[in-house]
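Q: Heads up: the sequence lines are chains A and B, in that order. Going letter by letter, the first sequence gives residues 6 to 312 in the numbering used here. Going letter by letter, the second sequence gives residues 6 to 312 in the numbering used here.
Since the hints were derived computationally from the structure, they do not count as laboratory data. Where hints are given, some of them may not hold.
[To be verified] In silico lysine-lysine, DSS-like type, Cα no more than 25 Å apart, as pairs: (1) K251(B) to K93(A); (2) K117(A) to K253(B); (3) K93(B) to K283(A); (4) K117(A) to K251(B).
Number of protein chains: 2
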Amino acid sequence: MPDEASLGVTILGSGGALYAHGRHPSGQLLQIRQHQFLIDCSEGVQFRMADLGISPFPIQQIFITHLHGDHYFGLVSLLSSMILQGRKKPLSIFSPPGLEPIIRMQLEIAGKETGFPLQFVELLTESASYCIFENDDLSVWTLPLQHRIPVSGYLFREKAGQRKMIKEKIEEYGLSIEQIKAVKRGEAVFVKGRKIPAESLSTAPNPPRSFAYCSDTAYLPELAKILRGVDLLYHESTFVQADAAKAKRSMHATAAEAATVARDAHAGKLLLGHFSGKYNDLGPLLEEARAVFPNTFLVEEGKTYFP
Amino acid sequence: MPDEASLGVTILGSGGALYAHGRHPSGQLLQIRQHQFLIDCSEGVQFRMADLGISPFPIQQIFITHLHGDHYFGLVSLLSSMILQGRKKPLSIFSPPGLEPIIRMQLEIAGKETGFPLQFVELLTESASYCIFENDDLSVWTLPLQHRIPVSGYLFREKAGQRKMIKEKIEEYGLSIEQIKAVKRGEAVFVKGRKIPAESLSTAPNPPRSFAYCSDTAYLPELAKILRGVDLLYHESTFVQADAAKAKRSMHATAAEAATVARDAHAGKLLLGHFSGKYNDLGPLLEEARAVFPNTFLVEEGKTYFP
């Protein structure tokens, strides 16, 4: 990631349910500081990760939005590969109910035993947004979406980071490791009996970033409230506005609807994806979205996006 | 297919369980005359078919050898795509027991209803070779293999074809459609009261071809008997001879063992595949096999092989 970035998302699939125009189904690798998360895991995600030189080993949490195959059919094979490669690190998989028996059944019939702790966390259905995961650096929240089967989006909120040391000051004041840690936390330190405030020794931390993943979902105006101020928003945009009726029927969103959510949420940047296979040229989706929310981009597979 | 060929197999995956060196897990499209069959269907097979311009629609029989993921994890997504694309044609899936509940569970949780007749045929386990499918042009037989879980290979036997008309003779004798059909079947016809033997009006049919698919399996010398005279033999060759102990332990075969089966079966041509991801250079496998059976080839993805 670039020096300034503490959050970046790599696109492992940009298309909808059907593979078309070289666009594969959904999958994203999210990096926040030193943590890596997989969000959705369609067929072939492990191949596309390998082609990008991304190892699955650091991933300890996988977030599946819903149990339509284009969002999870690559999961069981990713797990099988992890087993073959001798993974030991624990892994947690978050999803709407029903995933665990599907996965366990397939591992069992293959005679595979996971040599690592594998935990399935079932999301509460029909719930308001709630926190499902937290560590020192971030928290993850569900996002209530609406689709033909139970679905949840995910909101990743980075926590305030540490102050950044001014290197010259370390030498100037002869600071110890303990003192540096204290300054990074924002605490004053005593040097030769004199109290030096953290502000004199360090600069402000990067602002904490947030990322939201909203797929698949019908257009939900009320999402804007939960997403208020999100830095980077991925929102599905399966259709153009001319196909709005089809979007409504299939409980998908148009590009303009995604942009309306971004605008109303005062998002920083909007990423569009989950494009219908019926469109080769995606120009009209971008045009329609930018008319509503200018800072919009069409995701491309293999690329990493920052807030 | 070339004019002379009535049978050809297109490789959709040449690797073993782990994706490596651009080699995907197992899958093959077999064409015999106008029929297309899918043999094994690993993750991403439908993408690789699409990239090669192969439509899944003509396929009405799929043959799965065993329920290790690298041989069937792409099946449920292929079926899901068929459903989305409005398939109506019936489909039969042959496999060792246990596949149907895995597939049905995943389609059900996605709320997918197959709009076409979908039949699962469970193979008898621990059986001698028996015929599981037959039509006017060919028959398909199981092959008893040995692996860590129940597994079956498949032997495809083309039936004797029709005689080929000599075009000039049709005009010369003014043959009717019915007479042409009779000649193709090898029957004599009467023209102006004169009996004309089929041999005078047509040339001999192409010899019927056969293809055997043996993966995954430990080295089984007794296979040669069942495979006697097979025109085109695909036999797994996961390892080189130096790794024979590993092959034995994991119930896989080496390239030289595959070649020994081909030699003892008096096969026409041997195709090697299911290469371990540990080898980048496959030269040694080919060398070891050709020392035993010269007419050996390493399969390459996207290529079609003929007897």
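Q: Can you give the numbers of the hints that this structure goes against, from lowest to highest?
A: none
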